[in-house]
Amino acid sequence: MKGKGLDQDDWVERAVHQRAGPEPGDDLRNRVLQDVRRALAEPAAPGVRRWSGAARWAAVAAVLIVGLALSQMAASVTPFFDRPVAPAPSASVRAVAQLMRQVSPGLTADEADRLALASASRGDLPTIPIANADMKLPAPDAGLNLQGDVR
Amino acid sequence: MEPAPEPNVDVKSLAAGEPAAYAALYARLARRLLRVAAAMLGDAAEAEDAVHDLFVALARGRERLTYVEDLDAYVFASLRHAIAARADRRRIERRHWERIASIPVIAAQSADAADEGEVSAALAALPPEQREIVVMKIDGGLTFAQIAQALSISPNTAASRYRYAMEKLRKLLEDRT
Numbered sequence: 000m001k002g003k004g005l006d007q008d009d010w011v012e013r014a015v016h017q018r019a020g021p022e023p024g025d026d027l028r029n030r031v032l033q034d035v036r037r038a039l040a041e042p043a044a045p046g047v048r049r050w051s052g053a054a055r056w057a058a059v060a061a062v063l064i065v066g067l068a069l070s071q072m073a074a075s076v077t078p079f080f081d082r083p084v085a086p087a088p089s090a091s092v093r094a095v096a097q098l099m100r101q102v103s104p105g106l107t108a109d110e111a112d113r114l115a116l117a118s119a120s121r122g123d124l125p126t127i128p129i130a131n132a133d134m135k136l137p138a139p140d141a142g143l144n145l146q147g148d149v150r
Numbered sequence: 000m001e002p003a004p005e006p007n008v009d010v011k012s013l014a015a016g017e018p019a020a021y022a023a024l025y026a027r028l029a030r031r032l033l034r035v036a037a038a039m040l041g042d043a044a045e046a047e048d049a050v051h052d053l054f055v056a057l058a059r060g061r062e063r064l065t066y067v068e069d070l071d072a073y074v075f076a077s078l079r080h081a082i083a084a085r086a087d088r089r090r091i092e093r094r095h096w097e098r099i100a101s102i103p104v105i106a107a108q109s110a111d112a113a114d115e116g117e118v119s120a121a122l123a124a125l126p127p128e129q130r131e132i133v134v135m136k137i138d139g140g141l142t143f144a145q146i147a148q149a150l151s152i153s154p155n156t157a158a159s160r161y162r163y164a165m166e167k168l169r170k171l172l173e174d175r176t
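For the record, the sequence lines run as chains A and B.
The first sequence: position 106 = 105 (numbering that gives the first Met the number 0), numbered continuously.
The second sequence: position 102 = 101 (numbering that gives the first Met the number 0), numbered continuously.
Chain B extracted, bound-state conformation:
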């Protein structure tokens, strides 16, 4: 089934604080943001909180949106901050979690989908900087240029990091099967 077309979002309306614009932005990006956050935080509930925090932060800092050129890249960059804040908070609460990498990915996996579990486990085995690019590209649907902007790296770096990650993922999945 084809997904519903994503609504267009007017950055000026967001900056002006129109609630309808935020509803449209949510409809457009929520699923992608949630999947990326879940892959990075390894917990669906935490991912929901991160997405919530992100939207509230966007609304509070709406004046900054005036200068945004690529909204998707900006929102995903903001999501990274929300994820980092969540991860920091959790690190304080649970000191034995030293890095995001050590967090198992997707607690809310379908238990009966063994193959999907393998994929998620392999994804979790990637270094966080590679996993981030993979999920931003595949789950977030961002271009390399947008990923580069969100991560403050060059598009070439983003592309090569993605390529290495996919090679590693392929090897991990082949080893597991």
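Here chain A stands alone, though its shape is the one from the complex:
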């Protein structure tokens, strides 16, 4: 290879081209060709498969992405949890309140009504019982048993 396409008048190119460098010897040639023959005896590594049907897959991916974006947008503007709750039937609320007072005589009428309403609203109201001034709170050292009864 003698400086193909080089400007032979350029002394720098000529100097680079003519500098000493390693020459491939017979040892290298034998080593390379021997190992090449060995590699050729083995099955070839899988070649690079050309991407076929890229446009079709791109279209499918685009539709999926648009669909996902639209569904997320719709989900973000849809009111899932602020739908009006149907009014609780007052007769059944009363009945529940009475049942609560029978089961827990310590409950006041207001508290029983409140708990009955909360239960009828399916969780939209907090169901935390409010301590009544008449209720007797357990002594601090009494503790709680695991059955939930106040000792």
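Calculated cross-link-like contacts (lysine to any residue; reagent style SDA-like; alpha-carbon spacing at most 20 Å):
1. Lys11/B x Ala22/B
2. Lys167/B x Glu12/A
3. Lys170/B x Arg13/A
Computed, partial: chain A to chain B, Cβ under 8 Å:
4. Val11
5. Glu12
6. Ala14
7. His16
8. Gly20
9. Pro21
10. Leu27
11. Arg28
12. Arg30
13. Val31
14. Val35
15. Ala43
16. Ala44
Think of the hints as simulated: they come from the structure by calculation, not from any bench.
From the three backbone atoms N, C-alpha and C, an ideal C-beta is built for every residue, glycine too.
Assemble the complex: chain A is given as a structure, and chain B must be docked to it using the hints.
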């Protein structure tokens, strides 16, 4: 003395795994590849190993050759990978070598050729991306289009990088003399 004409290499024969095609490819490119590898790695033995690795990799991945349009550009691009793998391996072994640029070029220089040593030293002083283009052009005999393909850059970038490198080389050599 005029060098022997380079044998033609049939890409299809290479892809088909014919050993004679690899022998022809070796006869055609070995010297050019070795000089480029030596200039980049700075070590003749390492360069031989890189050329060896390259040919074995070509044989193993021969199916890929089916799609190759410019064989020389492809082989030199593959040589870059072999050089990078060698350089990485050596970097691990010798941690103080941070970059290929820091490696002195051509250990196997003729000691009596002072001028040639100057040229090699100046070449070694170039940034690796410029040195790579210079040796691919001058030692590898590639066109700018082939260099561009091998390095994944535009031919204009390759040409301008080469021009800057030659200017720098000229200045370095003038300063040294």
